[in-house]
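Student: Residues per chain are reported as follows:
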Amino acid sequence: MLNNPILRVINLIAALLAAGAMLYVAFFGVSPLPALGPAFNPSTGAWTMAADAVGVGNQTLHLAGLQQPVRITLESDGTAHVVANTDHDLFLAVGYLHARFRLFQMDLLRRTGEGRLSEVVGKAALDSDRFELQLGLLRTAQLEWAQASAVSKMALTAYAQGVNDRIDEAEREHQLPAMFTLLGYQPRPWTPIDTAVVKGDMTQTLNFTDTPLVMALLDKSLGPDLTSKWFPLLPPNPQSPYDPGPYPTAAAPAPIASMATLTDQEAASAAALYQRLASLPPGSIATGGASNNWAVATTKSASGGALLAGDPHLHLTLPAIWFQLTEDSPGYHTSGVSIPGTPVILIGHNEHIAWSLTDAQNQQTFFYDEKEDAAHPGQYFWQGAWHSYKTVSYDIPVLHGATEHLTVKLSAHGPVINERGLTTTVWWAGNLPSQDLDVVLRIGQASDFKAFRDALRDWYAPTHNFVYADDKGNIGLISAGYYPQVAKGQPWLPMPGTGEYDVTGTVPYADIPQIYDPPSNVVWSANQRQVASDYPYYIGTASNFFDPGYRANEIHRVLSQDRQLGATDMMALQTDTRDFLASEITPLLVQALATDQLSGGEQQVREMLTNWDYTMAVDSAAASVWWTFWQDYLAQTFDPWWRAQGVKIDKQEVIDMLGQDLEAWTLGDPSNAAFTPPGGPTQTATDVMRKAFHAAYASLKADLGPDPGSWTWGTLHTRVLDNLAQISALSYGPRAERGDANTPLAAGGSPSNHGPSWRMVVDWGTHTFSGIYPGGQSENPASSWYLDRVDTWWSGQYATMLTANQAAKSPGAATWKLQS
Amino acid sequence: MGGRWFGFVVVVAAAICCAGVIFGAWWVTFLAGAALGAVIPARLAMPAGSLAGLLAWGVLLAWEQWRYGLGPAAHSLAAIMGFTQLGPVVPVVLTCLVGLLLGLTGAWAGAATRSVVFSGQSASSR
Numbered sequence: 000m001l002n003n004p005i006l007r008v009i010n011l012i013a014a015l016l017a018a019g020a021m022l023y024v025a026f027f028g029v030s031p032l033p034a035l036g037p038a039f040n041p042s043t044g045a046w047t048m049a050a051d052a053v054g055v056g057n058q059t060l061h062l063a064g065l066q067q068p069v070r071i072t073l074e075s076d077g078t079a080h081v082v083a084n085t086d087h088d089l090f091l092a093v094g095y096l097h098a099r100f101r102l103f104q105m106d107l108l109r110r111t112g113e114g115r116l117s118e119v120v121g122k123a124a125l126d127s128d129r130f131e132l133q134l135g136l137l138r139t140a141q142l143e144w145a146q147a148s149a150v151s152k153m154a155l156t157a158y159a160q161g162v163n164d165r166i167d168e169a170e171r172e173h174q175l176p177a178m179f180t181l182l183g184y185q186p187r188p189w190t191p192i193d194t195a196v197v198k199g200d201m202t203q204t205l206n207f208t209d210t211p212l213v214m215a216l217l218d219k220s221l222g223p224d225l226t227s228k229w230f231p232l233l234p235p236n237p238q239s240p241y242d243p244g245p246y247p248t249a250a251a252p253a254p255i256a257s258m259a260t261l262t263d264q265e266a267a268s269a270a271a272l273y274q275r276l277a278s279l280p281p282g283s284i285a286t287g288g289a290s291n292n293w294a295v296a297t298t299k300s301a302s303g304g305a306l307l308a309g310d311p312h313l314h315l316t317l318p319a320i321w322f323q324l325t326e327d328s329p330g331y332h333t334s335g336v337s338i339p340g341t342p343v344i345l346i347g348h349n350e351h352i353a354w355s356l357t358d359a360q361n362q363q364t365f366f367y368d369e370k371e372d373a374a375h376p377g378q379y380f381w382q383g384a385w386h387s388y389k390t391v392s393y394d395i396p397v398l399h400g401a402t403e404h405l406t407v408k409l410s411a412h413g414p415v416i417n418e419r420g421l422t423t424t425v426w427w428a429g430n431l432p433s434q435d436l437d438v439v440l441r442i443g444q445a446s447d448f449k450a451f452r453d454a455l456r457d458w459y460a461p462t463h464n465f466v467y468a469d470d471k472g473n474i475g476l477i478s479a480g481y482y483p484q485v486a487k488g489q490p491w492l493p494m495p496g497t498g499e500y501d502v503t504g505t506v507p508y509a510d511i512p513q514i515y516d517p518p519s520n521v522v523w524s525a526n527q528r529q530v531a532s533d534y535p536y537y538i539g540t541a542s543n544f545f546d547p548g549y550r551a552n553e554i555h556r557v558l559s560q561d562r563q564l565g566a567t568d569m570m571a572l573q574t575d576t577r578d579f580l581a582s583e584i585t586p587l588l589v590q591a592l593a594t595d596q597l598s599g600g601e602q603q604v605r606e607m608l609t610n611w612d613y614t615m616a617v618d619s620a621a622a623s624v625w626w627t628f629w630q631d632y633l634a635q636t637f638d639p640w641w642r643a644q645g646v647k648i649d650k651q652e653v654i655d656m657l658g659q660d661l662e663a664w665t666l667g668d669p670s671n672a673a674f675t676p677p678g679g680p681t682q683t684a685t686d687v688m689r690k691a692f693h694a695a696y697a698s699l700k701a702d703l704g705p706d707p708g709s710w711t712w713g714t715l716h717t718r719v720l721d722n723l724a725q726i727s728a729l730s731y732g733p734r735a736e737r738g739d740a741n742t743p744l745a746a747g748g749s750p751s752n753h754g755p756s757w758r759m760v761v762d763w764g765t766h767t768f769s770g771i772y773p774g775g776q777s778e779n780p781a782s783s784w785y786l787d788r789v790d791t792w793w794s795g796q797y798a799t800m801l802t803a804n805q806a807a808k809s810p811g812a813a814t815w816k817l818q819s
Numbered sequence: 000m001g002g003r004w005f006g007f008v009v010v011v012a013a014a015i016c017c018a019g020v021i022f023g024a025w026w027v028t029f030l031a032g033a034a035l036g037a038v039i040p041a042r043l044a045m046p047a048g049s050l051a052g053l054l055a056w057g058v059l060l061a062w063e064q065w066r067y068g069l070g071p072a073a074h075s076l077a078a079i080m081g082f083t084q085l086g087p088v089v090p091v092v093l094t095c096l097v098g099l100l101l102g103l104t105g106a107w108a109g110a111a112t113r114s115v116v117f118s119g120q121s122a123s124s125r
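The listed protein sequences derive, respectively, from chains A and B.
In terms of numbering that gives the first Met the number 0, the first sequence has 204 at position 205, counting the first letter as 1, and numbering is strictly consecutive.
In terms of numbering that gives the first Met the number 0, the second sequence has 28 at position 29, counting the first letter as 1, and numbering is strictly consecutive.
Take the hints with a grain of salt, since some may be wrong.
What the hints assert, rightly or not - Incomplete in silico selection of chain A near chain B, CB under 10 Å:
| hint | residue |
| --- | --- |
| 1 | Pro4 |
| 2 | Leu11 |
| 3 | Pro41 |
| 4 | Ser727 |
| 5 | Ala728 |
| 6 | Tyr731 |
Said to hold, decoys possible - Per the computed footprint, the stretches of chain B lying under chain A, defined by three or more beta-carbons under 8 Å from a beta-carbon of chain A, are:
| hint | stretch |
| --- | --- |
| 7 | 70-76 |
| 8 | 104-116 |
Honestly, the hints are just simulated from the structure, not real lab data.
Quick caveat: nothing in here was measured; it's all calculated off a predicted structure.
Note that the Cβ used here is the ideal one computed from N, Cα and C, for glycine as well.
Extracted from the complex, chain B is given alone in its bound form (with noise of 0.2 Å):
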């Protein structure tokens, strides 16, 4: 797979992703991770699903600030969850996370599962 492919693939689960998180189904993160894995070759799986993760969940915050300033609602949210002495980059950075993660749990879980599903397949046909 090449550097182009690559990257038109993880735009393309980012798009999904961010259709998913902006009608609440944040879910669909993973399940585009997971999509990723089952698909695409396992060692760029994972580095695709935690991109497309973070890019939907990053370009959407930043989406967020650009519409209305997050500034405010960052600090208030630091202070909701008891972190006002790391400031207000600490709700900014979870969210970019768990994007991330979820991408990237998504897309190991089916890389491994494909792994083991096709292992005897491969296998046979070799």
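Bound conformation, chain A alone (with noise of 0.2 Å):
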């Protein structure tokens, strides 16, 4: 063919080029293309996830480690009942399980919190991941798991074994969940301090905040003054608080309103950090709760027996954060949702008393700025004498790039998180060893109040509402966890690390938030202040730390009704979207424009919100005008306020307080000064909600068209179920969605992605159990257990929790027998 020597070398070096860089694609990849070798193999790359999605039938398993046979029923949706003979075998099968369906999930949340994510995503995630290390996640987890008690030990380790049993299946019959194959790397085998990390995730996203920080942006630019009355220590608008006392002692809260005035410097240091926190990935930062919980004694129950529902509000995601199942073994008979990566079931039942959760949202979070000076270089001044900060290091891989070396500065209040301008360091009570994992085990088992009380006592982060029922008709409601005291100053801005402000202890176990068989029959939580005005200890400013107790208003109005309730009572109002702070706001709207001069339109507008039930229903058009009214209503008012003060915190950051404040100033302060602008004509509460009636109708005129009938609340406000992993293809919708950020059902902002992340209702009169999380029980997006469940709850319908015996019976249902 080529008969000349120089072109078949010219053809030999042509041939290797096209050979390397086919070979190089093949196993290194190509950004956006994975290493296409592997992650195309028919047989063992990404395609295995075909087999993964048949679903499952009959099949027998062998695990190392097994003591006894095990057996595992699936359900058709996946739900997993498993029955051990062994406490041991009972947790290590739930390794197995998780990983069998969730192991990149799993893998994802560990690395997330332990700061390896740029291992295999690259330097974009290095940001995260050092922010990660400094703030700690992965030694709280080291000293948790060192101080372990005996029976968490075991249950850590036999699911560890489990979770690993899976991973060498896994590889050895090359069937890694295609993500793995896709990113070119293979997990590395599970730990117990997996577990607590995972656990660690989840502290950090419902209470690790950055408001103290906001509230030093507010104090500097808004000034002292303005804010602490915009954004006061106790809540301004009307709340219901569960817990309403008598409580132990009457000292009173410290007044905001001395709001100490920060330097320039604290300011600065505060800005920094600030923008640091807010570009981390969500979740990173809590962002404020959004969860119900609720309990109705026997008295006011149609069945006769209590009644318990809960359903936690979070980002909302494919696969979602709860797998569902029953555990059953000589110790433990629970059935419910739990995280994978965690063996226990975090929300559920088990045969005598039912328990649900929601975030309390005390402050738990506190900033120091250390003192430090030029001759004292890496010490800081605390409690009269200089002091060297206590050093960690570690190593980042970085994917395709140079490892990073971090070190992390400790000193007594905790890490180093700022070094712009001031040291700032954060005590997190989230950093505090909690053994959370043995407090559950021990719920799991309880089977009166006082047992659920006292498993609580250890429960330390994050503050949590937990909601109790028992078969015996008995309620009750505790917030459980730390509630930090300061030995003075103000916690909720960053202050001196010199050691006259720091955290001293906490609020007693006795005298925390708590009620038991109160006389009203009922008692709610909705991440509302659980207190009255007068509860002597302070547990956070209204400011972010609490909700606005929208959702708890509601709650409360329908449990109060005079009326026996039943669990289709409790369902219906899990999805409940009527608005309370539209039934107390549309009344005066209505009012303020009767004597407005009103277009043809905008008289028909005030008609359709003279009629209004105050629900956001999808097909609702006076919802769509109450919202965007509202949103005008804040900003009529308070955004001369923002431009004149030059304040660089988004308000919307802050918009539930402004909300509150707005809120109790039209119903019973509509002169407050602040409806005047700075520099502008005086005005009161109903010249501007009129002004916000034009500018909304004008608004929703010019996007929605002319016609006020076609302004449906869907065609403004939908909800997105976020793939994990971010592939945006893999998330569900957007699709119109009702609710909003205030209503039992909640849906804030559109595209919503928090919401109802699991919906249980559990009627102990009739021992039915119910539930139903948006996704399903697979992360495989091939498998139909990846999305069939998300209908079922956007509809507000239920699942049937059933027994293991029962789900052996069940339509479709297979087994599993594990053996060793």
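Take each chain as given, in its own frame, and dock them per the hints.
Tutor: This is how it looks when you write it as structure tokens:
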């Protein structure tokens, strides 16, 4: 063919170059393509997701470490029922089960908390990794493991064994989830510390806050006077605390009116740290909770037994944060939902009690500006002496990059997380070892409120409102966790780190918010402040630490009605879309418009509002008008102040607090000076409401057309379930959705990606247990168990939570026999 | 080399590729192509290598389709790779293309090496 030797050599060079290029792409991939060889191998690559997606049948599996045979029944929707003869085997089987269906999710969760994301996704995750290693989830997890009880150690070790059994099996049989193949790495063995880190992820998401930094920046820009008036210690609006007192002592909380003035240096440091935290991935900072739970005693129950309902609101992801199962062994008989990566049922019921939880929202994050000077390099001044920072070093492997070396400095308060300007450290309750796993194990074995309450004594963070109902008809609610108290100072701002302002302790367990079998026969929580104004301890300000209270007010309103309630009422309340704030403000708006000059279209809209039932239904045009009006009302009131004062904080970040102010002023102080813009003519609430209404009408007409009847809420408001790996094509939605940020069916923002992550209703009178979560049991997007529960959840329906024996007889059930 | 002999060589090479791929050794496709390039005439090596690679990966993909159905998996893979607009055919084509290119480049490299290494011997024997 090629007779010329030079051409032959050229041909060889060309061939080797082509072969080299092909092999490089096949071995290593070229962005956005993964390593093509292993990824597209039809038998062992990402295509194996097809085999994993076909569902499961009856199988006999061999797992190393089992003491006795275990049976797992899988319902037709993947709900799992583990029946083991020993507690050890129960947790081992749960570990196997989680890893079988959620291994990539588990790996992602532990990598996030351990600062190892960059290793698999590259330098894009480096900021997150640095922050997590500074914050210290890994250090706390190591301490928790070292201090764990014997029972916890048994559970964690067995669980890790089960996960590793599955990793071994998946590698042996080329069944690793496709994301591992596509990202080109294999999961390292699971350890008990990984489980503690996953728990830490949740703690961080729920209660690591930047609110003191926000307050500092507001203080600097708005000034101490306006900040203390608009961002007060106690909520200015009417709320429904579940624990009305009486309280143990009569000490009054310190007033926020004496808010300190920050120096420029303090404010600059706060701004730098605020910006850093704002740039972290979603979930790194708690951004306000939104969960509901309540219980109804027998006196008000139509079935004669206590009722319990719980719907924790979280970032809605695919796969979901929850995995549904029942756990049966000699020591445990629990049913509910678990977090993949952890061996326990966090929300559910056993044979005698049911429980659910919401975030308690009290302040658990405190910032300290450390005192340093040039004469004492590497030291900080604390309690009258100079101390050297302790240091911890980490290596962060980076995909396609050099390994990053990170040294974390620790003061007596906690890790240094900012050195731009002042050196800022953070005292965070999530950094205290908290044996939450042990607590949940004991809750799972509790049969009465005393055992339940005793178990929660050791729960430190994140603080949660645990609702309780038992088969004897008793109900209760306890907001378990640490309530840090400082020696002096203003903990809602960054404080000096010299020692006088340190956290000195927590509210005694007997004094934390709690209630048992109250005369009202109902208990409820929805992230509202749990206690009334005369509670003697500081637990956080009204600004952001606690919910504005509209969901709690609505839940309280419904539960307080003079009638018997049943499980269907609980379900209806979980999907209630009545906006309590709208029910307070809309009548005043309609009244204000009665004497205003309105166009024909505006008259039509006013009529619409007059006849509205305050539900944020998908087909409601009044809902669109209300929501648009309220946003304009906030803007008309506060934007002039924001501009005049040069406030750098995004108004949306503090919109809950501003909304409470606006609500309170509209209802009780319509001449408040805030309605008059700086340098502008005097205005009242009525004036601003009218302006906001005209603006809302004009914008809706411009956006949605001239016919107000067509301005349905569903055209403005949607929901999306985000793919956990941020692959938008594998997300669900956006789809028109009811509700808003204020309704029990929480759906703040649009598209809303936060909401009821699990809905559970328990009726001890009929012994019926119902639950549903959006998503499915499998993380495999090709599996029918990836999305199969979404429509049921969306329509407000529930699935019956079966026992293992019931499940075994259910249509389409499969059984796995696990043997050593 | 006749057509039947060519077909036999391709099938044998494809079978070797299949065995490698099934056990995770996808690079066997490249080696099989290189071996073809080294032992059969250059004008046939590259078609044979390409066909063997395509056949092996295509047959195994068809086998997975027959056993499990690849529709949802193809949709998911297209989504993960960011090819949602182009549809599920992308990962299927890409998979076949990988097999084909591994076989082709292997055969080309084998044939080119052979032509250089044995060029002196050919000249002297003439």
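Student: Hey, does the A/Pro4 contact hint survive, CB to chain B under 10 Å?
Tutor: 6 Å, holds
Student: Would you say the stretch 104-116 of chain B counts as covered by chain A, given the rule of at least 3 residues with C-beta under 8 Å?
Tutor: holds (count 9)
Student: Taking the closest Cβ pair, is A/Ala728 under 10 Å from chain B?
Tutor: Result: holds, 3 Å to nearest chain B Cβ.
Student: Classify the hint on A/Leu11 as holds or violated, based on whether any CB of chain B lies nearer than 10 Å to its CB.
Tutor: It holds, given that the least Cβ distance between A/Leu11 and chain B is near 4 Å, below 10 Å.
Student: Please check whether the stretch 70-76 of chain B has three or more residues whose CB lies within less than 8 Å of a CB on chain A.
Tutor: This one holds; 5 residues, not fewer than the three required, reach chain A with a Cβ under 8 Å.
Student: Is the hint on A/Tyr731 kept, meaning its closest Cβ partner in chain B is under 10 Å away?
Tutor: Hint on A/Tyr731: violated, closest Cβ of chain B at ~12 Å, above 10 Å.
Student: How about A/Pro41: closest beta carbon in chain B under 10 Å, or not?
Tutor: 4 Å, holds
Student: If you take the shortest Cβ to Cβ gap from A/Ser727 to chain B, is it below 10 Å?
Tutor: 8 Å, holds
The structure fails hint 6 only (numbered hints given earlier).
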